[in-house]
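Student: Heads up: the protein sequence lines correspond to chains A and B, in order. Counting from 1, one number per residue, gives the positions in the first sequence under this note's numbering. Counting from 1, one number per residue, gives the positions in the second sequence under this note's numbering.
Everything labelled a hint here was simulated from the structure, so no lab data went into it. This one's a predicted model, so the numbers in the text were calculated from it and none came from an experiment. Hints are not guaranteed to be accurate.
Unchecked claim - Result set (DSSO-like, lysine-lysine): computed pairs, CA atoms no more than 30 Å apart in a straight line:
1) B:K312 with B:K261
2) A:K116 with A:K227
3) B:K227 with B:K312
4) B:K212 with A:K261
5) B:K261 with B:K310
6) A:K227 with B:K227
7) A:K116 with A:K128
8) A:K212 with B:K92
9) A:K128 with A:K331
10) B:K331 with B:K310
11) B:K261 with A:K205
12) A:K205 with B:K212
13) A:K78 with A:K12
14) B:K73 with B:K9
15) A:K92 with A:K117
16) A:K25 with A:K14
17) B:K73 with B:K353
18) A:K261 with A:K92
19) B:K20 with B:K78
20) B:K227 with A:K205
21) A:K25 with A:K353
22) A:K227 with B:K205
23) A:K92 with B:K205
24) B:K20 with B:K227
25) B:K128 with B:K324
26) B:K78 with B:K12
27) A:K78 with A:K212
28) A:K92 with B:K212
29) B:K205 with A:K205
30) B:K353 with B:K261
As the list claims (entries may be wrong) - Not the full set, but computed from the structure, chain B residues with beta-carbon under 10 Å of chain A:
31) S65
32) V68
33) R86
34) I160
35) I202
36) W341
As the list claims (entries may be wrong) - Per the computed footprint, the stretches of chain A lying under chain B, defined by three or more beta-carbons under 8 Å from a beta-carbon of chain B, are:
37) 98-104
38) 142-152
39) 202-210
C-beta: ideal position from N, C-alpha, C; glycine also.
Protein chains: 2
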Amino acid sequence: MELSVTLTKQPKQKPADESKLGFGKIFTDHMFVMDYDPEHGWHNAQIVPYGPLEILPACTSLHYSQSVFEGLKAYRTKTGEIRLFRPTENFKRLNNSNRRLCIPEIDEAFALEALKKLLEIDREWVPKSPGTSLYVRPFVFATEEFLGVHPSSHYKFIIILSPSGAYYASGLNPVGIYVERHYVRAVRGGTGEVKAGANYAISLKAQDEAEKEGYSQVLWLDGVEQKYIEEVGAMNVFFVIGDEIVTPALRGSILPGITRKSAIELLQHWGYQVVERPLAVDELTEAYRDGRLREAFGTGTAAVISPIGKLKIDDLVMELGGGKIGEISQKLYDNLTGIQWGELADPFGWSVKVCDV
Amino acid sequence: MELSVTLTKQPKQKPADESKLGFGKIFTDHMFVMDYDPEHGWHNAQIVPYGPLEILPACTSLHYSQSVFEGLKAYRTKTGEIRLFRPTENFKRLNNSNRRLCIPEIDEAFALEALKKLLEIDREWVPKSPGTSLYVRPFVFATEEFLGVHPSSHYKFIIILSPSGAYYASGLNPVGIYVERHYVRAVRGGTGEVKAGANYAISLKAQDEAEKEGYSQVLWLDGVEQKYIEEVGAMNVFFVIGDEIVTPALRGSILPGITRKSAIELLQHWGYQVVERPLAVDELTEAYRDGRLREAFGTGTAAVISPIGKLKIDDLVMELGGGKIGEISQKLYDNLTGIQWGELADPFGWSVKVCDV
Ligand SMILES: Cc1ncc(COP(=O)(O)O)c(C=O)c1O
Ligand SMILES: Cc1ncc(COP(=O)(O)O)c(C=O)c1O
Chain A
1 MELSVTLTKQ PKQKPADESK LGFGKIFTDH MFVMDYDPEH GWHNAQIVPY GPLEILPACT
61 SLHYSQSVFE GLKAYRTKTG EIRLFRPTEN FKRLNNSNRR LCIPEIDEAF ALEALKKLLE
121 IDREWVPKSP GTSLYVRPFV FATEEFLGVH PSSHYKFIII LSPSGAYYAS GLNPVGIYVE
181 RHYVRAVRGG TGEVKAGANY AISLKAQDEA EKEGYSQVLW LDGVEQKYIE EVGAMNVFFV
241 IGDEIVTPAL RGSILPGITR KSAIELLQHW GYQVVERPLA VDELTEAYRD GRLREAFGTG
301 TAAVISPIGK LKIDDLVMEL GGGKIGEISQ KLYDNLTGIQ WGELADPFGW SVKVCDV
Chain B
1 MELSVTLTKQ PKQKPADESK LGFGKIFTDH MFVMDYDPEH GWHNAQIVPY GPLEILPACT
61 SLHYSQSVFE GLKAYRTKTG EIRLFRPTEN FKRLNNSNRR LCIPEIDEAF ALEALKKLLE
121 IDREWVPKSP GTSLYVRPFV FATEEFLGVH PSSHYKFIII LSPSGAYYAS GLNPVGIYVE
181 RHYVRAVRGG TGEVKAGANY AISLKAQDEA EKEGYSQVLW LDGVEQKYIE EVGAMNVFFV
241 IGDEIVTPAL RGSILPGITR KSAIELLQHW GYQVVERPLA VDELTEAYRD GRLREAFGTG
301 TAAVISPIGK LKIDDLVMEL GGGKIGEISQ KLYDNLTGIQ WGELADPFGW SVKVCDV
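Go ahead and model the full structure; you've got the sequences and the hints to work with.
Tutor: What follows is the structure in structure tokens.
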């Protein structure tokens, strides 16, 4: 497929102070856009200046949320290269999401080439400071002007880029989360295992209540028995229990995180015993009481590794690690970010070079 | 609140052939739009020409589906009045949806006044032919330009209008549906009991597979045990079993339909025994085998009453009513539509006059 490029005539000012980038509020000069219609399939691939879209009020995705997305990061190495971390995994997952939401699949290889081209054009936007990166957001949404509840005939696939600040400006900071007993994010047979926008709308309320109670996220339970640990807002979870590292098995309602997969592969490579299995919330309480719950951490693109310092289960508030980072959390964080920023050897070939700045 | 009105300078041609209206593809000359921001709350209420919106690619609802909607109809009576059916129920339900999705509530009375004004302006668009109506679509969606998973700071509330054809052009046509065993639409603790766009995205795949198998919809089971009947795509369901009329009890994952509520109230008014209770799919099979399953029908704004002529449960294909409409289905349909089109007495005061054409 051809990819047309129209460069902006009004380049924006790049953020001067990289310590104030935050997350997801600043966008680069360009975006990638591609259209789908039944006659042409995916076509009209273009890189154009970042700017508003014209959307009709009856656009079906504003009504029935037929949309999916991905999230990954581009990193600038000390030697001035732009690199991505396992991007083929993201486009593969995007197509899983597409299939579940009745959205026509995209050409994964072409999407990656388009992303590389876009990154090359906006390469000066990848921030330099330690811990910073350029967040990449591919997304697909339905654009047909039709109020019937039905898969749309038309779609847009867009990639936008957002320079992002260091997640841990002052070191790897433990978070507090609690087990959510009332609200449910997803259930097997639903869309929890793909990255549908719908899942996030459903999760907002619990998230909001958690923040009001001074916690940063909730720990979701399964939707069937409300008994098994699933995941956190935008992270998978791991628990070090005795000599085992346990993460909930993927049984149809958990997002299969790419950081989760990478953490499992790294841990196994190092010789740790990692087990994917159902993990009941009662087992966690027991392990804590017996002194066998040694570490807990989340994994996700945004934070890479997020140590859990406080875990509330009903009336029991567990303090984990005494405000410090667990050994395994730290080791994973150092190695994953080391590979991502091109500072450590990359035995698995996860880091993909895009261009030099 | 003030409501500014800007009339179109280019009125569109109204559809000449009302037998070809279909559903949800044609929109009237005007729409109602109102904005929300943290400083002003809901403000900037306007009626403006129907037309495209400028939306930024990072608009949070394209990513996280923070959106809700409503659906109701305006009817043109034989005496030339425009009437709505129980519109206050829709705006009440819209606010239930808003609260669940962390969207600021709207002023229900003001929204109804705005809708009436909009209908008055576009009154010529309400079609005349028997069975036709003007479909009214109020919806709210998040508009903040931010990629964090968080309730948006900005929203738009819009009402658009779409002339719709007769649902049953050739009489009350029985539909075929099957019990969905694999996919799940919603689970208690989720958003199934409100009209979140998310629920519809999640339902698309099962719906699509049903159509491919020659069924018009699926009959959803509960997400916990996958054992109890819940509802159909955009309808609640009723079963006449022996002398009882049974509809699934609202236990947190079923949309509380306004047609459902009206049907229950009418049936009780007529002296029927209506029971809202959990209804296991096995009970249906048994009732069918015993010859006690006399009628099945769906209720919803689009079709009002939709007789179920074929109900497939695994390998058992039940033929109901022998291709004919059940007595209770027909009676409900005649009376509900009679009230809606102003042809029958309205003992409950459900029909609300908007204006004369
Ligand atoms: C619900 C959810 N779970 C887990 C993750 C972690 O996935 P990944 O490691 O691919 O970023 C994410 C997202 O980014 C998520 O949104
Ligand atoms: C999921 C669902 N159930 C039931 C209904 C019926 O509700 P109402 O009678 O208010 O139209 C609808 C919608 O319109 C719906 O979308």
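Student: Could you work out which earlier hints the structure fails to respect and list their numbers in ascending sequence?
Tutor: 2, 4, 12, 24, 27, 33 and 36
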